[in-house]
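Trainee: What follows is each chain in one-letter form.
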Amino acid sequence: MTSLLRGDRGGWILFALVILLMVYIPIGNLALSADHPLYVSTYTVTLLGKYLCFALLALSLDLVWGYLGILSLGHGAFFALGGYAMGMYLMRQIGDRGVYGNPELPDFMVFLNWDALPWYWYGFDQFWFAMLMVVLVPGVLAFVFGALAFRSRVTGVYLSIMTQALTYALMLAFFRNEMGFGGNNGLTDFKDILGFDIQADSTRIGLFLASGFALLAGYLACRSIVTSRLGRVAVAVRDGEDRVRFLGYSVTKVKLAIFTFSAVLAGIAGALYVPQVGIINPGEFTPVKSIELVVWVALGGRATLYGAVLGAVTVNYLKTEFTGLMPEAWLFALGALFVLVTLFFPRGLAGFRLPWKSAK
Amino acid sequence: MKYLDSLREFMRPDRVFDVVYRPESAHVDIAQRDILYIEDLTVSFDGFRAINNLNLYIEAGELRCLIGPNGAGKTTLLDILTGKTKPDSGSAWFGRNIDLLRLKEPEIANLGIGRKFQKPTVFENHTVLVNLELAMFGGESVWSTWRGRISGEQNDRIGGVLEQIGLAEQRDVLAGSLSHGQKQWLEIGMLLMQSPILLLVDEPVAGMTHQEMDRTAELLRSLAGEHTVVVVEHDMEFVRSIADRVTVLHQGSVLAEGSMEAVQNNPEVVEVYLGE
Ligand SMILES: Nc1ncnc2c1ncn2[C@@H]1O[C@H](COP(=O)(O)OP(=O)(O)O)[C@@H](O)[C@H]1O
Ligand SMILES: [Mg+2]
Chain A
1 MTSLLRGDRG GWILFALVIL LMVYIPIGNL ALSADHPLYV STYTVTLLGK
51 YLCFALLALS LDLVWGYLGI LSLGHGAFFA LGGYAMGMYL MRQIGDRGVY
101 GNPELPDFMV FLNWDALPWY WYGFDQFWFA MLMVVLVPGV LAFVFGALAF
151 RSRVTGVYLS IMTQALTYAL MLAFFRNEMG FGGNNGLTDF KDILGFDIQA
201 DSTRIGLFLA SGFALLAGYL ACRSIVTSRL GRVAVAVRDG EDRVRFLGYS
251 VTKVKLAIFT FSAVLAGIAG ALYVPQVGII NPGEFTPVKS IELVVWVALG
301 GRATLYGAVL GAVTVNYLKT EFTGLMPEAW LFALGALFVL VTLFFPRGLA
351 GFRLPWKSAK
Chain G
1 MKYLDSLREF MRPDRVFDVV YRPESAHVDI AQRDILYIED LTVSFDGFRA
51 INNLNLYIEA GELRCLIGPN GAGKTTLLDI LTGKTKPDSG SAWFGRNIDL
101 LRLKEPEIAN LGIGRKFQKP TVFENHTVLV NLELAMFGGE SVWSTWRGRI
151 SGEQNDRIGG VLEQIGLAEQ RDVLAGSLSH GQKQWLEIGM LLMQSPILLL
201 VDEPVAGMTH QEMDRTAELL RSLAGEHTVV VVEHDMEFVR SIADRVTVLH
251 QGSVLAEGSM EAVQNNPEVV EVYLGE
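Chains as they are written, first to last, in my numbering: chain A, 1 to 360; chain G, 1 to 276.
Wrong hints could be hidden among the right ones.
Stated by the list, open to error - The calculated lysine-lysine pairs, modelled on PhoX-like cross-linking and capped at a C-alpha distance of 25 Å, are: (1) Lys50(A) / Lys253(A); (2) Lys50(A) / Lys104(G); (3) Lys86(G) / Lys104(G); (4) Lys84(G) / Lys253(A); (5) Lys84(G) / Lys104(G); (6) Lys50(A) / Lys289(A).
Claimed, not checked - Heads up, incomplete: computed chain A residues facing chain G, CB under 10 Å, no partners named: (7) Gly240; (8) Arg243; (9) Leu247; (10) Glu328.
Unchecked claim - Distance windows between CB atoms, simulated: (11) Leu172(A) / Asp88(G): 37 to 45 Å; (12) Thr323(A) / Asp172(G): 45 to 53 Å; (13) Gln118(G) / Val157(A): 22 to 30 Å.
To be clear, the hints were calculated from the coordinates, so they are not data collected in a lab. No residue lacks a Cβ here, since even glycine has one placed at the ideal position from N, Cα and C.
Model the full structure from these sequences, guided by the hints.
Mentor: Laid out in structure tokens, this is it:
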């Protein structure tokens, strides 16, 4: 692990902070009483857990955008698919405790007068199967999409538009009731996960810790790519893919491998996000979500990994604060922030140096 | 991975039966003196003959300069030799056993024919060292690019090439901050990492200072012998300083060939160059 973080000061700071939180938060929430000054409310635990998931998602985008040069405007789709796979497991866990008390069918299916579970819901009552799907569904989709796009050498803006179209198409599909994913309302009213009450403080802490571990593991995995020769080939592809091809590397395979891995990371982030927020609906597929994600990474600073984490947490913290004050102005504020940072800190927050330290 | 590799080796379509196995894709046969045989080569673009019945033989280990006025077909000739352009007729053999016209670009590159393009294209966001490393491992699978490390021996080879191209001190400098001339050398270095037998170098000194030209001349001279080097160049002074033999192309065919002195005094060459 230490060799993967060699020379990565931002990474060390990130690790220190996340590990610190992972020690303090459980104590602050479970062991301290509510009137203790260091007490951490369950609301805060969930909020931080959410930020960790967003950070992992941002990491996955930085890998393909920052290092490989693929500006995906549809990465939210992989996040949402991972989230739906987890949501389907959580739906099946409800059992006969739903409003209609049907032991087999989720409420929305009873409401639609369906009399049997669709085949693609089979197996989701098993946790291991659902986890397999969390990885496989985004991975396979990214692989097939990538194989088609990269082999025919679609690049640049055209590729970005295709990724945007992908998430848009999925959004339209998931909005339809007949698809069998709860339509407009999505999947919600979860009761428990692996037998633990999903509302309980201890479960919340467990999910928070899982998100922390996932972020750190994801960070190390990304580092193992970007510090290897594969990472250097990726940067070379970003800067001049024809030349890389001429050296004899298969640009298609390099892109495919990294893009697929990135989609899997995004899927895992989605799967951890859903039990913490308690809902997954087609709104996660909206193109705006994917574009917001791009803004996080741009603000944080591309091709540093820790910059993506920084961007995701900063923007989402501001969003939480801002939507409390005046929700309708959030997108304008985000836009203004984006313009300011691109103008004054083109390398993002990660590229920001204190004036007296800038002479390196 | 080991099993996968041996399976892959076993499944290679050109190796399944010895009858199908084509030794020509393995090694170039230069038992004869010459390494490149180009005969009656012709290519036209929309009726215009860019290469017209061209005959050219290059000896193994020599340093040959191709000169000629703009549009004489020099770059087009290199395009044909590297598989980028298919000619209308004629033949081009690498050694006595390899028919270049039947092969594709990567196959030709893997046989040991390296080419430097007119415009230098190095990876600007990588250091000089990494540029050479990437060139060295070209053709590697995704898995081994991820897991692979450089061995001490490979490091030494990179060090050797760094010395050769005179960039040892710039080893850890980003390629983007090199001067134009240094970029050209780095690109020649990237070619060398692929251990080519034949180097095709298109206009290496365009845009160089005099000092840089001298260094380039030295570099190219040092490569001849171990490698066969074909240099396409405009700059007469530069050509004079390096060439063993010079071939003058004009309107797609050979106008004159010989030592620089002989060529310069050839009345036909004088007419073509001065008539311009
Ligand atoms: N792909 C092509 N299509 C049409 N014409 C071409 C093509 N490549 C080269 N030519 C023409 O062939 C002639 C020879 O070009 P080239 O080989 O580039 O000359 P040079 O000797 O200056 O390198 C020029 O007149 C050029 O316009
Ligand atoms: Mg030319």
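Trainee: Does each hint fit the structure? Answer for all of them.
Mentor: Each hint, compared with the structure:
{"no.": "1", "hint": "Lys50(A) / Lys253(A)", "verdict": "33 Å, violated"}
{"no.": "2", "hint": "Lys50(A) / Lys104(G)", "verdict": "52 Å, violated"}
{"no.": "3", "hint": "Lys86(G) / Lys104(G)", "verdict": "10 Å, holds"}
{"no.": "4", "hint": "Lys84(G) / Lys253(A)", "verdict": "23 Å, holds"}
{"no.": "5", "hint": "Lys84(G) / Lys104(G)", "verdict": "8 Å, holds"}
{"no.": "6", "hint": "Lys50(A) / Lys289(A)", "verdict": "15 Å, holds"}
{"no.": "7", "hint": "Gly240", "verdict": "6 Å, holds"}
{"no.": "8", "hint": "Arg243", "verdict": "5 Å, holds"}
{"no.": "9", "hint": "Leu247", "verdict": "4 Å, holds"}
{"no.": "10", "hint": "Glu328", "verdict": "41 Å, violated"}
{"no.": "11", "hint": "Leu172(A) / Asp88(G): 37 to 45 Å", "verdict": "53 Å, violated"}
{"no.": "12", "hint": "Thr323(A) / Asp172(G): 45 to 53 Å", "verdict": "47 Å, holds"}
{"no.": "13", "hint": "Gln118(G) / Val157(A): 22 to 30 Å", "verdict": "28 Å, holds"}
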